[in-house]
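Asker: In case you want the letters, here they are:
Number of protein chains: 2
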Amino acid sequence: MSARQLLQLDHDFVMKGGRLNRPALAYETWGTLNARRDNCVLLFTGLSPSAHAASHPLDPSAGWWEDMIGADKPIDTQRYFVVCINSLGSCFGSTGPASINPSTGKVYRLDFPVLTVEDIANSAIPILAHLDVEQVHTVVGASMGGMTALSFALMHPERCQRLVSISSGSRSQPYAIALRSLQREIIRTDPLWNQGNYDLAQHGPVNGMRLARKLGMISYRSAEEWQIRFGRERSSDTPDTDNLFGINFEVESYLQNHAERFIGAFDANCYLYLSRAMDLFDAADHGGSLAASFTHLSLRSALVIGVSSDSLFPLQQQHELAAAMKPHVEDTQMLALDSIQGHDSFLVDMDQFRPAIAGFF
Amino acid sequence: MSARQLLQLDHDFVMKGGRLNRPALAYETWGTLNARRDNCVLLFTGLSPSAHAASHPLDPSAGWWEDMIGADKPIDTQRYFVVCINSLGSCFGSTGPASINPSTGKVYRLDFPVLTVEDIANSAIPILAHLDVEQVHTVVGASMGGMTALSFALMHPERCQRLVSISSGSRSQPYAIALRSLQREIIRTDPLWNQGNYDLAQHGPVNGMRLARKLGMISYRSAEEWQIRFGRERSSDTPDTDNLFGINFEVESYLQNHAERFIGAFDANCYLYLSRAMDLFDAADHGGSLAASFTHLSLRSALVIGVSSDSLFPLQQQHELAAAMKPHVEDTQMLALDSIQGHDSFLVDMDQFRPAIAGFF
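Chains A and B are the protein sequences, given in the same order.
Numbering of the first sequence is given in this note's numbering, commencing with residue 18 and proceeding in unit increments.
Numbering of the second sequence is given in this note's numbering, commencing with residue 18 and proceeding in unit increments.
Keep in mind that the hints were calculated from the coordinates and are not lab data.
Identical chains blur together in the list; that is why a pair holds if it fits in one copy or across any two.
Only pairs whose alpha carbons sit at most 20 Å apart, straight line, appear in this in silico SDA-like list of lysine to any residue:
(1) K123 with D216
(2) K33 with H313
(3) K33 with N265
Using the sequences and the hints given, assemble the complete structure.
Answerer: What follows is the structure, encoded as structure tokens:
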């Protein structure tokens, strides 16, 4: 069962670096659009999730933000009409490098145009038009989704009243670029990547994807959390005693189990495109400087949330974002949480994030 | 020209997990042993450096701690007789997995016994005996070398008067284990590793080594340093415009250039053994708990130095080490530096490290 809705465009979609012939755009919705059509919450995702942010009558499986969206939850679907969009370039319904190009009848692979965060933000426009939503109540995003939400607010100020940016920033810093660049190189140098021309059913560079996912997990969590959670505990999985360098510590099992679940669930080429899009994003490009870009904003309020243990989007970046926004959005709030789960805190530290989000809505 | 000295043992060397048939031990020395033979400073290295810590009349090339060792430098070779040891298991003279096993006439490769930090510490004993040094003035080490120095002080309390531990700890934490485990997996899953049976002259898994080194560099530095140093500067190297995912940002060039220099300079199997040794080390193994282990110590003084931006050995670990040492070493000093260069600060932030080390000596 799927609650996924597909909007099949009957015209070209113009990207920053090319155009797509009649792409599909996938999304899910919860709640009901009110008569004034002013209660839509638009949610952009991080790099890898699908549009299934929460369970739905048509798909009761838990979504990636299950605790946050629903009746009597922080984003209350009795009040709000929530729309979550599967990012353009991803592989969960929206057209991406793993989709067939109708112009050629072949899978795009590396013929897909360079993807930018702005393209993902713009892909919301046809969906909102289809849903007959002129202006969204709030655009929300975490991690890459926060960049996309900011990008949406910069490019479509008339369509956006409020912004919530979570564990994100106005641009990628070199440390995060280095981590993602290395993840991409790990995938690209797996011989099974084959310049992007792998058998999609076989998932191609599975080893590269496993290693890249492990590096992702390391960058998404924190040393402090793992010290408390794992310490030097040895793995309870059957140890691979024949292998001098095999799994020994519990933290190694944890990474292995997480990475295995990712294999086959995400297309490698899509991952490469989305990862690069994050590196390329710089809100300053919308005006020559951050200050000049933010003159475009026309928001009633903004909430910027960051986490002290986030090494991918350090708290300092959220302070910078909020400070740059303040002159143009009078009601800008900055919220620094002391979660220890690093960048991923917004997915797991619900005791801190629920009240933070509920407070805004 | 080389200043390296080789001690060829004529007997077996007993390791925690096996024995080596007549290994060689490489070291370099600076300064002169005094008549009382009480001015020896014993230096253990991090994972990858050789024993060439400083220039020498026989080898004027700069060493890896050039600013620290020499006449009128913090470790003044006019006063001290400095001995730096190439770690057992490494590939710069001391016997390791890339050496020939005299028992078989073949390269050890994965037949080399499991390596521990304690084995590296014990390899100093024959060298000190050869140099006729009964007791060292100070044992010093940074990173893995700090673990080795601590291990030496725990196992040979009568041979050691003072200890300096830099950016190290009493054990590896799970975050650091995860990073090293991933580096090893990257190397081991390079098809050219071939279960350790690569052509040594061809350097085997060069791609795996390049990627592992890049991950090392990311873990050795800090986000703050790179933000100041690189920002979002584009690479000045000829951009690889044909490659959608090639080098674009300066931070990517920096990693590439650093990693290329590592290829061919370090043997992959040696790297795997030394990396695993760091994970396995836990000073608590010497007594059942850290407190019980440290009752073995018989030091006159100890200096523990850490750096606020170190993510591999967070400052908290140095505080723990110093606190655990204090009941047994009355003159224990803890020094927290606010260098921004992360774990590598002891190699690069000389303005802070020179006075710190000079103050001790």
